[in-house]
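Protein chains in written order, with numbering that gives the first Met the number 0: chain A, 0 to 283; chain B, 0 to 283; chain C, 0 to 283; chain D, 0 to 283.
Hints are not guaranteed to be accurate.
Identical copies look the same in the list; a pair holds intra-copy or inter-copy alike.
Unchecked claim - Computed cross-link-like contacts, BS3-like style, restricted to lysine-lysine with a CA-CA straight-line distance of at most 30 Å:
no. : residue 1 : residue 2
1   : 50        : 279
2   : 221       : 11
3   : 1         : 221
4   : 279       : 268
5   : 277       : 1
6   : 279       : 221
7   : 279       : 1
8   : 264       : 11
No lab work stands behind these hints: they were computed from the structure.
4 protein chains.
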Amino acid sequence: MKRIGIIAKPHKPEARAILQELLPWLESRGVESVLDEDTAGLTGRSGGQPKADLPGLVDLLLVLGGDGTLLSVARLVRARDVPILGINLGGLGFLTEVTLEEIYPTLDAVFQGTYGVTQRILLSAAVRRQGERIGEYIALNDAVINKGALARMIELEIHIDGQYVTTFRADGLILSTPTGSTAYCLAAGGPIVYPTLRALVLAPICPHMLTFRPLVIPDAAKVEIVQTSADENAYLTLDGQVGFTLRHRDVIEVGRSDHTITLIKAPGKNYFQILRAKLKWGER
Amino acid sequence: MKRIGIIAKPHKPEARAILQELLPWLESRGVESVLDEDTAGLTGRSGGQPKADLPGLVDLLLVLGGDGTLLSVARLVRARDVPILGINLGGLGFLTEVTLEEIYPTLDAVFQGTYGVTQRILLSAAVRRQGERIGEYIALNDAVINKGALARMIELEIHIDGQYVTTFRADGLILSTPTGSTAYCLAAGGPIVYPTLRALVLAPICPHMLTFRPLVIPDAAKVEIVQTSADENAYLTLDGQVGFTLRHRDVIEVGRSDHTITLIKAPGKNYFQILRAKLKWGER
Amino acid sequence: MKRIGIIAKPHKPEARAILQELLPWLESRGVESVLDEDTAGLTGRSGGQPKADLPGLVDLLLVLGGDGTLLSVARLVRARDVPILGINLGGLGFLTEVTLEEIYPTLDAVFQGTYGVTQRILLSAAVRRQGERIGEYIALNDAVINKGALARMIELEIHIDGQYVTTFRADGLILSTPTGSTAYCLAAGGPIVYPTLRALVLAPICPHMLTFRPLVIPDAAKVEIVQTSADENAYLTLDGQVGFTLRHRDVIEVGRSDHTITLIKAPGKNYFQILRAKLKWGER
Amino acid sequence: MKRIGIIAKPHKPEARAILQELLPWLESRGVESVLDEDTAGLTGRSGGQPKADLPGLVDLLLVLGGDGTLLSVARLVRARDVPILGINLGGLGFLTEVTLEEIYPTLDAVFQGTYGVTQRILLSAAVRRQGERIGEYIALNDAVINKGALARMIELEIHIDGQYVTTFRADGLILSTPTGSTAYCLAAGGPIVYPTLRALVLAPICPHMLTFRPLVIPDAAKVEIVQTSADENAYLTLDGQVGFTLRHRDVIEVGRSDHTITLIKAPGKNYFQILRAKLKWGER
């Protein structure tokens, strides 16, 4: 670990105080910090790098923010599988497991090599219009197809590995990784999927067909969704952050990305502890 | 029953054939038909009336279409409680209980006075912005507050009869009449409410707080919803047909309207039969 | 308020310390305490009365325990509508709203007449076997028909006001009052029903027919459930406390009881506050 | 395929007519039929074999009945992975995909080697009492821990791979294979899991903790459930067919069995077609 990239949540002044302490601490350990432009601006340092270049320049990416910030970083990493350490500025996240108090012990563990990692699949989503690929996206949590705010519903047709599955009317459809299963997918009635299971979840949003229940399939499956609503009022969203307007008969191809992402785990925490804390599951 | 108003679903040519038979049949029974402008256009007859005037001119409104058409007519009726007879062009609706084959026997029953009616409450929804009422609406099924297509969620605050209930993040909130409980509200996980129960349903759409479940309250309750999301990406929709863009801190006041609506029942059908047919509940 | 009946949860020694303070306090205010036999035994006092006689002897029933204790007392009260004040030994209940710290202020409010009450409907449930009524029960929360532990499912047929509703296979069926809607019925997916709404909830337990959703009907409805499973492995339970073994073709008649029950409210608390506390709904 | 074992659903006389045609048909193709004792009795043939011995005597097991019959046969097969062909006497099952009309074409396909198979995991469930293993079971669909009919709930504690997960109160808990996900687990709110995914589902039955949602975990996980209810009113059931009474502090160990089972697929049908038919998903 010679060089650590640091990306802070934009417009979060509390990150500044942390950086003022963290940057000299890293330097004292002989570790070079590389900041993205926004984060550099926050500290008054010059020499910030474009966010998209950071994964290529460093051995580890430290994200200061919440799960939302980490999601946006995860989509940048792609083929360069540089590990990500998520520090939550506000408590505990599903992805940003390390709290503010745990930064230094966790970084010490990282430098000593006594840390665990968890490998997570990414979703790849492409839009095909009249036979042509017009957009390609990546997501760590989910790809969501949903209706416009004033539309009553959309109609979608699902195919899995070339087999017709069903046509249904709903507010939308969530295609989620196990990582995303505790995010929006859970609100739509989806199951909690253990993060390392090689699976995808398809969860309808407010389906008019009451028997259409969340579906869990192998992550090797190729999913195709055809937007069959006549009116053009459907959207594709990636991780709730990137959007795309769909047209009638657009086909959305979704599957596991060729790349995975590596998250550094908070020492001494396991998945079920985080689940208990986030879902307020009482202990005995 | 001297005058019957007839409103057909626009752009449905199959209505024309029905009207060609129905209009002379009514005339032969000494009943005058009053058509709205679109429906008159469909038949080539002149003298169509503006849709909104029809309730004031007739003793009964005959709706040819589906539940959607009937919903739009129901909102026109307001204080003039003229009974509505819904004929479903495509089978069986929750509101348009009479199928094409049953038109003439049902009209005979109506002329002989041997028909049943069901009284349904209407919702009244108003938007208050900075203390001022800027919009007033009516709905037979539901008033829905929901997020924009590319927004991640909205935050809403609920007050009932002046008491604070909760603040929650979700895709939205449905305020439904018993009539609307078998429409969108059911897709969002709401219960089926018997249509004459004097109740309202509040059903969250994909709530992030998993313990927020559909709530059934007396229809005399005054509900206030405050749109507390910072970004202006929330909408109010009435019966899935009329929309309104909400701003930060807009207050949506929802309650039972002073007026009810009278639907003429299909002879020989009861509510549970329709429920069984629509929800595909198998009989023994 | 001359005479207060006191019923403590059996085998709860913590009640003894409370009674040692409470009984002299009541005496000092000129109020006579009448204890049931178990509670008298707990204090070492003689003169305890049979539990079932207490409602006829006093002006108010004070229940020390949890919601379970209050449910058992509520079923005793029947025609004598003596108000019940529920003190929760362990925190906050839906029915026992008053916590230990609030006993004396609440009793002061009661003596000064500055307290609120809430009227709750009771369920009446009767079993008819081969045309003969063989059991009659009362419940404040719910009447539940469910399968035996080793049975795979039961089959039930529902009729409401003489109309056939459906036949379905499930683990069972809950018939709940609004009061019971936040108890077992909620775990089975039922809605939260405002406690004073005049309604009953029918909620299937693990129905095999996925479109059979909880049903909310007027409390004036007469519900009949026919146990149509061939094997005799079905049970009726009232408030989770009283059980009865059902046979093939037994008919369970359920409706609102002729009597209601009066609960004394904790001063300064409203229903939604209790809901927020119990369901861990976060406030802003 | 020299020898085919045949097991018919007991007490199903319609199987007799099928056997009268099927047995000579098999003989004419040089295939020996081996019947279990009950099935032999049905045809009047002598020489029936004990059901449990059949898997060791034949190359293929033909099951005439419904999914329930096939489940009971699947548990017999264990280490001897003889393929099973399920013929549904009443239409279409999730496991007995072949309908009566399809028997002969399917058997022809089997003899010609032009058939597909699907490999399914089995669950292994053992009960440990005071450190000692006192029962070992196998299941194709599910292992269910549930409360007695008159009990209010049970309390269970879940550990996965030695990690504490949660303690919860409920009617019970379902541990399901992907195969079982469309059976009881679906009625309890579980997701539909593609049958070849290497996963287990844990679905609570009527959990009192509303945030405890169905959990999908890798099938390599070792699950331990501790029955922590004080009263002894909990049961373990395998495939809804075999039951066992649990005591306080009994530990139920559940995981993937070392053996899988091979089901012969109906020619020309895929999983999603069966799903559509069984869940009444409308096609376009």
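Hint check results:
1. 50 x 279: neither (35 Å within a copy, 39 Å between copies)
2. 221 x 11: neither (39 Å within a copy, 39 Å between copies)
3. 1 x 221: neither (39 Å within a copy, 39 Å between copies)
4. 279 x 268: Classified as both; 16 Å inside a copy, 24 Å across copies.
5. 277 x 1: neither (34 Å within a copy, 51 Å between copies)
6. 279 x 221: Between copies only: 24 Å across, 35 Å inside.
7. 279 x 1: The answer is neither: 39 Å in one copy and 46 Å across copies each exceed 30 Å.
8. 264 x 11: Within one copy only: 24 Å inside, 46 Å across.
Of the numbered hints given earlier, the model fails hints 1, 2, 3, 5, 7; all others are met.
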